[in-house]
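The chain contents come next:
Protein chains: 2
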Amino acid sequence: MPSHIKPAQPERRPRRKLQTPNPEVRERLTSAATQLIREKGFPNLRVEEIVEQAGLSVGTFYLYFDGKADLFVNLVSDFTEDLRTRMRAVYGTDRPAVQRIWEGLEVYLDFVEENEKGFLYFVDAADTMMTSEGRLSTWTFRVHAENLLPVLKEAMDRGEMKKLDPELTAQALVGLSQHLATYWIEHRERYTRRQLAAFINTFTGFGLAP
Amino acid sequence: MPSHIKPAQPERRPRRKLQTPNPEVRERLTSAATQLIREKGFPNLRVEEIVEQAGLSVGTFYLYFDGKADLFVNLVSDFTEDLRTRMRAVYGTDRPAVQRIWEGLEVYLDFVEENEKGFLYFVDAADTMMTSEGRLSTWTFRVHAENLLPVLKEAMDRGEMKKLDPELTAQALVGLSQHLATYWIEHRERYTRRQLAAFINTFTGFGLAP
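Going down the list, the protein sequences come from chains V and Z. Mapping to our numbering: the first sequence position 41 is 41, numbers consecutive. Mapping to our numbering: the second sequence position 121 is 121, numbers consecutive.
Keep in mind the hints are simulated off the structure, nothing from the lab. No false leads were slipped in.
Any copy, or any two copies together, can satisfy a pair, since identical chains are not distinguished.
Computed cross-link-like contacts, DSS-like style, restricted to lysine-lysine with a CA-CA straight-line distance of at most 30 Å:
| id | residue 1 | residue 2 |
| --- | --- | --- |
| 1 | K40 | K117 |
| 2 | K6 | K68 |
| 3 | K117 | K6 |
| 4 | K40 | K68 |
| 5 | K117 | K68 |
| 6 | K40 | K6 |
Predicted, not measured: the structure shown is a model, and the values here were computed from it.
Given the sequences, and given the hints that come with them, work out the whole structure.
This is how it looks when you write it as structure tokens:
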């Protein structure tokens, strides 16, 4: 879906908006870009290659995106929305709140594994990319933290979890999960996914005190 | 001090090494750059401004650095070394290992406060910058995790801390501290430093279980 979030620095003069953008055309462009990012990364990717892969013209590309940075922000926004939808499906059940939070971690690790290369490139680029909503990484952290917040508050209210500052707790869980998932992807030979998840569960559940 | 770590993509043809580099000249260049980064950030900074601030010539700059990226990697390396030295002073005492680890957190937060603007720019840029040692941020995380590792192992061996995978534990503490310090700097109006440190201590010490 089209995103309201934009690179902070416009890439070209404002384009005329399409009266009736075609979701299938946009999807062909984002799919082609996603595949090419998996194959060769983003920094060397050219708009010409994306449209060739999609079987479309450069002119069509610029009807849908202002340029490469705008496309990247849109991709991150799409993936963030996809992950958020999957998280909500878990967070919205009637199981104990703490259990839903741990299930959310598994959904997150599924997502990281499915999108391994894109995920690493996202981690690489999102901290530098300034958008209309601030740093792209700050925005994605905020989206995921906001998503987690009501479940955390519920867990705290029901005594399933310590009463700590809910916003800091959400940031801690989201930040820690992304950092350790990145470390894991970069050291797949050292840890299985099960070991990683078990570590995160113990560390965040019970801490380091003996 | 000169760094062995280099940007992955050389910025110019290899320069003739100075036979006897002058540490004072290098210091004038890095101090000028640090001050300018605090004032206006790094992306728009030009080599010409650095040498003007330092009262030196462009030619002299290129005797010491290959370009802006090389300068940035050198600055990060200097600051990392500074932080590491300060951490070692705390880690090397004979107080209980767990206490040394919490004291290390205070040293880290001192450092973040002193270098607030440079710290945020580092977080912005370090994930994208590829160096001879991999991603710059991966390198700094590794340096700090390696520094922390012996103290963690000591705490685990002495029963002052749960026996978990020491490498993952080090990454968890270093990654969590940087993420929450960034969040704190971006939301200074919401949390005092004392609140942040107390949260990190409780979360990492005892976890979220009630």
